[in-house]
Amino acid sequence: MIDSKQLVEFAKQPQLALHSLKELLAMLEGEEETEQNCASELLENCGAPQPSDVSFLCEQLRSGVFCRVYWCSTLLGRLGPTVEPPAERSRIQTELCNTISDSKLELTARERAAWAMGELGGVDGENRSVLEKQLDAAPARLKRLLAAALAT
Amino acid sequence: MNRQVPTVLSLLSTLVGFVLFTGCEPDVGYEINRQASDNHSSGSNSQGQFVSSRAPASRMQGLPARTPQTILIASFNIQTFGKKKMEDAWVLERIVAVIRQFDVVAIQEVRAEDQTTIPRLVQFINSQGARYDYLIGPRLGRSVSKEQYAYIYDTSTVVSSTDAMYTIEDNADLLHREPLVARFVTRVPPNVRPFTFSIVNIHTDPDEVKLELPVMHTVLKGIREFEYVSAREDDVILLGDLNAAPHQFGTLGQIPGIYWTVDGEPTNTIRKSTWDNIIFDRGLTNEFTGRSGVLDLCDMFKIKTDQALLISDHLPIWAEFSSAEQVPGMNGQFVDRNQTSARR
Numbered sequence: 000m001i002d003s004k005q006l007v008e009f010a011k012q013p014q015l016a017l018h019s020l021k022e023l024l025a026m027l028e029g030e031e032e033t034e035q036n037c038a039s040e041l042l043e044n045c046g047a048p049q050p051s052d053v054s055f056l057c058e059q060l061r062s063g064v065f066c067r068v069y070w071c072s073t074l075l076g077r078l079g080p081t082v083e084p085p086a087e088r089s090r091i092q093t094e095l096c097n098t099i100s101d102s103k104l105e106l107t108a109r110e111r112a113a114w115a116m117g118e119l120g121g122v123d124g125e126n127r128s129v130l131e132k133q134l135d136a137a138p139a140r141l142k143r144l145l146a147a148a149l150a151t
Numbered sequence: 000m001n002r003q004v005p006t007v008l009s010l011l012s013t014l015v016g017f018v019l020f021t022g023c024e025p026d027v028g029y030e031i032n033r034q035a036s037d038n039h040s041s042g043s044n045s046q047g048q049f050v051s052s053r054a055p056a057s058r059m060q061g062l063p064a065r066t067p068q069t070i071l072i073a074s075f076n077i078q079t080f081g082k083k084k085m086e087d088a089w090v091l092e093r094i095v096a097v098i099r100q101f102d103v104v105a106i107q108e109v110r111a112e113d114q115t116t117i118p119r120l121v122q123f124i125n126s127q128g129a130r131y132d133y134l135i136g137p138r139l140g141r142s143v144s145k146e147q148y149a150y151i152y153d154t155s156t157v158v159s160s161t162d163a164m165y166t167i168e169d170n171a172d173l174l175h176r177e178p179l180v181a182r183f184v185t186r187v188p189p190n191v192r193p194f195t196f197s198i199v200n201i202h203t204d205p206d207e208v209k210l211e212l213p214v215m216h217t218v219l220k221g222i223r224e225f226e227y228v229s230a231r232e233d234d235v236i237l238l239g240d241l242n243a244a245p246h247q248f249g250t251l252g253q254i255p256g257i258y259w260t261v262d263g264e265p266t267n268t269i270r271k272s273t274w275d276n277i278i279f280d281r282g283l284t285n286e287f288t289g290r291s292g293v294l295d296l297c298d299m300f301k302i303k304t305d306q307a308l309l310i311s312d313h314l315p316i317w318a319e320f321s322s323a324e325q326v327p328g329m330n331g332q333f334v335d336r337n338q339t340s341a342r343r
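Protein sequences, first through last, are from chains P and C. In terms of numbering that gives the first Met the number 0, the first sequence opens at residue 0 and continues consecutively. In terms of numbering that gives the first Met the number 0, the second sequence opens at residue 0 and continues consecutively.
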C-alpha cells in the first residue's frame, strides 16, 4: 500500500509512481474505492513508463483483467512513436492486437489498446492485417481508433 | 440578449446530440427567472441589495472585493474528491473556505460511489451561516474510477435547479466525460435585469486530449445554439480542466470572439502547467468585468506546496462578472433596467 507521504511525493513528481506499478495495479483491483481512485489518479498522471517496464506491461495485457488491461494499454501507448528497436515496437503491437481481438474483454479496454496502437504508430504487416480484420465488425469508437492506428 | 438568433439547432447531428438529463424543458429560462423573482427576499438586505453569503474576500489573494454588483464564478478540480478528503478535517476545512469565496463553483473529479459526498460538503459550507446549494451530474468514465461533475452555488446571489441541468449526450463517444451544463440566474433588485448564463463543465481525458480538443469547438458551438434556441441564452461559459494550455486549443481557440481567462499562468499546484480555463465569447458575455485569476492555495492558507497538494493538484481559477445583464457595447457594469430601456 502506498502511504500518504509517498502520495505527496508522487503529486510533486508524478513519474515516481512508475516505480510502484505493481502496487498501483493491485490497488485498482482492491475492494476499497479510495484505493482504486488513488491508483487511477496516479496512473493518469505518471507519464510514460521506462523501456524496462515493457515486458511487465505486456504480461499484464494477457491477464484478462479489465482495469489492468486498460491501464497497461494506456501506459504502453504513452511510449509513443519513439520505441526502438522496431522489433520491440512490433512485439508491443502484437500484444495490443491480441487485446483488441479479445472479444471477451470489455470494449473500453479494447478501445484503449487501439488508441495505444495509434500512439505507437507505424503498424507493421502482420499486425496491420489483424487490425483490418477487426475493423469491419468493430463498434463506432473502436472502428475510429483502429482507422487512426492504420493511418499512422 | 445581444446575438443573432440561430434559426436551426444544427448540432443535433451525428456528432453530438442533446438529451435533457433531468427534464430540462425548453422554457426553463423563464422558469429560472420566475424563481429568482419569487425568491428575491431571501438574499436581500435591508436596502434591497443582494449580498453574497460567501466569506469576506481576501484582497491579498487577488480576489476582488465582494459587491452586490458582481459575481465570481470559479472552476476547481478537487482531484479525486471523495471519502478520503471528506474525512480529513484539515483538507475539508480548506476546500470549504475556497468554495465560500465564490458565487458559483464548477467542480471536477468528484470520485465517490457514495452519493453523500457533495451534500455533506454543502452542509459543511453552510454550517457557518451560508446558503449554498448544489447540482451534481451522473457518474461518468470508461475506467473503474468514475467521476462526477458538480456545481456548488450561493443561493443568496444566484439561482439554479436540477431542472436547469443536463448532460450532453455524446452519441459518437468522442468525449471520455460528457460535459454537464447548468443554467444560472443572478439575484438582483427588481429594477435590474439579472445576468443569466449557462456553464459547461468539462474534464478532458489527459491521454486523449489530442482527440477531444478538436471536437470541443463543435461541442461548444452546439451547446451555444441549443441554449439560445431553448432558453434564449447567449452567455455560455465553458470551463474546467481541459488538460491543455491555450496554445493547444486549436479550432476551439479560433472561434470568433472566443476569450479565455487563463493564459500563461500555471493552474496546477506545483505551478508548472496550465490545465484549467474559463472560456466564453467576450462580445456576447460582456458581463465579464475583465478581472480573473488563479487562486494560489499556498498564499491563501499560508501553507507549503506539499500541504496544498493534499487539497488538490489543481488550483481554483475564477472570473468576475456583472450580476446584471449587459447591453451591447457595455462591459461588466451594473446597469439599471430603466437605463437599459432608455438606451434601446
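Since the hints were derived computationally from the structure, they do not count as laboratory data. Note that the structure is predicted; figures quoted are calculated from it, not measured. Just so it is clear, CB atoms sit at the ideal spot from N, CA and C, and this is done for glycine as well. Treat the hints with caution; some may be incorrect.
Said to hold, decoys possible - Computed list of lysine to aspartate or glutamate pairs in EDC-like fashion (alpha-carbon distance at most 16 angstroms, straight line): (1) C/K303 <-> P/E8; (2) C/K82 <-> P/E34; (3) P/K4 <-> P/E31.
As the list claims (entries may be wrong) - Only part of the chain C face toward chain P is listed, based on derived beta-carbon distances under 10 angstroms: (4) A111; (5) Q114; (6) T115; (7) I117; (8) V121; (9) N125; (10) S126; (11) L139; (12) G140; (13) S142; (14) D162; (15) T166; (16) A171; (17) D204; (18) L212; (19) I302.
Said to hold, decoys possible - Computed footprint of chain P on chain C, listed as stretches where at least three residues anywhere in the stretch have a Cβ under 8 angstroms from a Cβ of chain P: (20) 77 to 86; (21) 305 to 316.
Hint check:
no. : hint            : in the structure
1   : C/K303 <-> P/E8 : holds (13 angstroms)
2   : C/K82 <-> P/E34 : holds (11 angstroms)
3   : P/K4 <-> P/E31  : violated (19 angstroms)
4   : A111            : holds (7 angstroms)
5   : Q114            : violated (12 angstroms)
6   : T115            : violated (13 angstroms)
7   : I117            : violated (15 angstroms)
8   : V121            : violated (21 angstroms)
9   : N125            : violated (25 angstroms)
10  : S126            : violated (24 angstroms)
11  : L139            : violated (12 angstroms)
12  : G140            : holds (9 angstroms)
13  : S142            : holds (5 angstroms)
14  : D162            : violated (30 angstroms)
15  : T166            : violated (18 angstroms)
16  : A171            : holds (6 angstroms)
17  : D204            : holds (8 angstroms)
18  : L212            : violated (15 angstroms)
19  : I302            : violated (12 angstroms)
20  : 77 to 86        : holds (count 5)
21  : 305 to 316      : holds (count 4)
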